[in-house]
Amino acid sequence: MGVKEGVRKLLGVASAEIQSADFTLLVVDAARNLDEDLKRTLISLIFLAMRSRGRNEECLRVGRTNISDSSRNAPLNKFAVVVNKVDLVNPKEKLLVVANDVGSMAESCIRRLLEQRRNPIKVVLGDLVDDVLQNYTEEEGFDKVHEDDIALFAEITPEFLFTAAIKKDDEGVDDVLGLLLERATPSMDWIVDPDSPSGMSPIEQVEEIIREKIYRCLHRSPSFCDATKSHVSTDCTKYEQF
Numbered sequence: 001m002g003v004k005e006g007v008r009k010l011l012g013v014a015s016a017e018i019q020s021a022d023f024t025l026l027v028v029d030a031a032r033n034l035d036e037d038l039k040r041t042l043i044s045l046i047f048l049a050m051r052s053r054g055r056n057e058e059c060l061r062v063g064r065t066n067i068s069d070s071s072r073n074a075p076l077n078k079f080a081v082v083v084n085k086v087d088l089v090n091p092k093e094k095l096l097v098v099a100n101d102v103g104s105m106a107e108s109c110i111r112r113l114l115e116q117r118r119n120p121i122k123v124v125l126g127d128l129v130d131d132v133l134q135n136y137t138e139e140e141g142f143d144k145v146h147e148d149d150i151a152l153f154a155e156i157t158p159e160f161l162f163t164a165a166i167k168k169d170d171e172g173v174d175d176v177l178g179l180l181l182e183r184a185t186p187s188m189d190w191i192v193d194p195d196s197p198s199g200m201s202p203i204e205q206v207e208e209i210i211r212e213k214i215y216r217c218l219h220r221s222p223s224f225c226d227a228t229k230s231h232v233s234t235d236c237t238k239y240e241q242f
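According to UniProt numbering, numbering within the sequence shown proceeds without interruption in unit steps and concludes at 242.
Please keep in mind that the hints were generated in silico from the structure rather than gathered at the bench. Some hints could be false.
20 Å max Cα-Cα, derived SDA-like pairs, lysine to any residue [to be verified]:
#1 167 - 157
#2 167 - 29
#3 39 - 112
#4 85 - 166
#5 144 - 117
#6 39 - 117
With the hints as constraints, model all of the structure from the sequences given.
Put into structure tokens, the structure is as follows:
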């Protein structure tokens, strides 16, 4: 699976998952070069996060998929940016470059969102992404923001947090947890009973664990259709797949 195909799969999964998210953390690898493909992915994820309609537990509980008006009226500030692996970046001034670049992209996305709220027209996500990618470096401050939308612009602008998650005493991780606690919303009872059996077969569960381990090594999701050979022994049970 090529990088671009992997990105398409990532965006496909993210589009479905972020839609029902109350709040999104956009995690950026500070040690990785922000090339055009990565910037395009980040911009797409920012738009998806801003378009999210949030959780609707009542709909989930009864199996409906429609979103209530109350969900549409959820807070507009729907994502934050976590710049991770700051311990791998030297000199530290480079972190400001990364944060400034991602921040400029986010602000450019917000400008388009506010413009769409004032002039509702159907625009393809890809066209919005291309527009931001081509123009975000030339925009700053309240450029292209209607005077009545300045307060909204400030409200939607994401918070930036810096972490080195591998370090046990990293204060940035506590900042992330604190932000999530602040943004936590009241919840009903758990939708799924904790004793409910998984719908996955034992082999599917093992496959998922293996994919997670591979992801931790490769830093990208392996294809679900890749030919794999897995051997896992648990007690006296052996699972094999060819």
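Each hint, compared with the structure:
The hinted pair formed by residue 167 and residue 157 fails the criterion: a straight-line CA distance of about 28 Å is larger than 20 Å. A hinted pair counts as satisfied when its Cα atoms are at most 20 Å apart, and residue 167 with residue 29 qualifies at roughly 15 Å. Pair hint residue 39 plus residue 112 holds up; C-alpha atoms about 17 Å apart against a cutoff of 20 Å. Restraint check for residue 85 and residue 166: the C-alpha separation of about 8 Å stays at or below 20 Å, so the hint holds.
Taking the CA atoms of residue 144 and residue 117, the gap is about 13 Å. The hint holds against a cut of 20 Å. The hinted pair formed by residue 39 and residue 117 fails the criterion: a straight-line CA distance of about 24 Å is larger than 20 Å.
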